[in-house]
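Chains as they are written, first to last, in UniProt numbering: chain P, 1 to 204; chain L, 1 to 190.
Possibly wrong hints are sitting among the right ones.
Said to hold, decoys possible - Listed next, the in silico EDC-like pairs over lysine to aspartate or glutamate satisfying Cα-Cα at most 20 angstroms (straight line): (1) K197/P <-> E44/P; (2) K157/L <-> D117/P; (3) K77/L <-> D132/L; (4) K51/L <-> D117/P; (5) K32/P <-> E44/P; (6) K88/L <-> E119/P; (7) K157/L <-> E138/L; (8) K55/P <-> E175/L; (9) K103/L <-> E74/P; (10) K58/P <-> E175/L; (11) K58/P <-> E178/L; (12) K103/L <-> E164/L; (13) K157/L <-> E73/L; (14) K103/L <-> E167/L; (15) K68/P <-> D166/L; (16) K180/L <-> E159/L; (17) K103/L <-> D132/L; (18) K77/L <-> E54/P; (19) K115/L <-> D178/P; (20) K180/L <-> E54/P; (21) K103/L <-> D183/P; (22) K68/P <-> E163/L; (23) K58/P <-> D92/L; (24) K103/L <-> E73/L; (25) K48/P <-> D38/P; (26) K68/P <-> D165/L; (27) K88/L <-> E138/L; (28) K106/P <-> E95/P; (29) K68/P <-> D183/P; (30) K103/L <-> D166/L; (31) K103/L <-> D180/P; (32) K58/P <-> E152/L; (33) K48/P <-> E167/L; (34) K103/L <-> E184/L; (35) K77/L <-> D92/L; (36) K68/P <-> E73/L.
These are calculated hints, taken from the structure and not from any lab test.
None of the values given here were measured: they were computed from a predicted structure.
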Amino acid sequence: MLTASIRHIFNYASFGSRNFHLSVVLPAEPLKKKKRVDPQVELERIRKKTRRIEKEIKRLEQRGRYLKPLDEIEGERHFIKTLDSRERKLPAPSETEVEQRALLMKEWTRFKWRQLDTECQLLANQRRELYRAMQHLRMLDPSLFELATQPDESLLGLSLSGPLYTLPQSAEVFDAVDGDYRDVTPTYRYTFEVDKKMTFGKKK
Amino acid sequence: KYPMPSLSRLSTTLLNYCRFSRLPWQPTRLLCDQPAPRLPRVYEPEYLDYKPDYPAANQFNLSFTCHEYPVLERFVKYAHSLLRNQFKLGPDNCRQVPYPQRKTIVDLYQPESTKVRDTFQLITYRRVLIVDNLPAVEMSLLINLLAHNLPEGVNLKIEQPSEEDDEFRFVPDLEVQELKKQVELGRSGK
């Protein structure tokens, strides 16, 4: 529309056509007047928005966190689906077999109970001696007793591992292979959308 | 596990065994070290009963990891019962917390090249016992016992509980994280 009006001027103006020519700059829109933003108002706006976002955060946190599923307890889908094909149908055991199993179970129970009892006795003895020693120490030197009762920080960060089934093998027997480890632990990331009202957009 | 036989058969078998066995019967001993009960002492000073304070160690984690779950499950059950029954820690003071498994894929290379010859998956299972209010002097007893009884493949680590560690158990709340970022943006200055 603007160009039309300029053409109109061009066609019907009293001055010559050579003095008036169209260029790219002419039909451009004039620059908008910069709005004066009151800093107080702007601050108040930001504060309100952050308060709204914090309220939303509180609401989301109240609904609780989801725990990651444990495969070892819930079971792996593949195995549950193929359970029928892998189940063995054995004949019922004979009476003698049943009796033998019951007697074996009793012997095992007795063995385990004795093992536990021995361990408990040893532990009780150790504890008794420990407290007796502490009492003697208290009588000898109360300050040392105070030190001895404090928690031992060197025990934190301790790393222990169980015994190994085989002895370490020599280099001739054991071939140390080169390889690589890749961590493929599932990270539970999902797509989500945040309301635009809850975001501070980029500066123009 | 052996399947349990029918009740009547089992009961008669066992009853016969119990009646006619020659094993010596031993009364159940007290497994804990308790003193004999005393009569109430009215005319004795109270300070005789005062016992010194044995301060409790700070809350710590016993973290058990293993590549085989049945072994780990059984051992953690043993450790848990040890803490409850022998060290007299109630359910509030001794809790078991399961952690999700960590999976690692191991690639084995051909000699003197990076061509993969074998691939397998290693799963690390983890269980944690959170111990609270254990007298500090008894901590060495506990750790000695556990260290001696550790089965093959099980690793024990004693550590302080931390939130980043605990965060691994939960599905990350991505919306809350994003909103918190927006709050930081707003606060830092637009």
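We went through each hint and held it up to the structure:
no. : hint              : in the structure
1   : K197/P <-> E44/P  : holds, 15 angstroms
2   : K157/L <-> D117/P : violated, 27 angstroms
3   : K77/L <-> D132/L  : holds, 18 angstroms
4   : K51/L <-> D117/P  : violated, 28 angstroms
5   : K32/P <-> E44/P   : violated, 25 angstroms
6   : K88/L <-> E119/P  : holds, 15 angstroms
7   : K157/L <-> E138/L : holds, 17 angstroms
8   : K55/P <-> E175/L  : holds, 13 angstroms
9   : K103/L <-> E74/P  : holds, 17 angstroms
10  : K58/P <-> E175/L  : holds, 12 angstroms
11  : K58/P <-> E178/L  : holds, 13 angstroms
12  : K103/L <-> E164/L : holds, 19 angstroms
13  : K157/L <-> E73/L  : holds, 16 angstroms
14  : K103/L <-> E167/L : holds, 17 angstroms
15  : K68/P <-> D166/L  : holds, 12 angstroms
16  : K180/L <-> E159/L : violated, 30 angstroms
17  : K103/L <-> D132/L : violated, 30 angstroms
18  : K77/L <-> E54/P   : violated, 43 angstroms
19  : K115/L <-> D178/P : holds, 10 angstroms
20  : K180/L <-> E54/P  : holds, 8 angstroms
21  : K103/L <-> D183/P : holds, 6 angstroms
22  : K68/P <-> E163/L  : holds, 16 angstroms
23  : K58/P <-> D92/L   : violated, 28 angstroms
24  : K103/L <-> E73/L  : holds, 18 angstroms
25  : K48/P <-> D38/P   : holds, 16 angstroms
26  : K68/P <-> D165/L  : holds, 14 angstroms
27  : K88/L <-> E138/L  : holds, 11 angstroms
28  : K106/P <-> E95/P  : holds, 17 angstroms
29  : K68/P <-> D183/P  : holds, 17 angstroms
30  : K103/L <-> D166/L : holds, 18 angstroms
31  : K103/L <-> D180/P : holds, 14 angstroms
32  : K58/P <-> E152/L  : violated, 46 angstroms
33  : K48/P <-> E167/L  : violated, 31 angstroms
34  : K103/L <-> E184/L : violated, 34 angstroms
35  : K77/L <-> D92/L   : holds, 16 angstroms
36  : K68/P <-> E73/L   : holds, 19 angstroms
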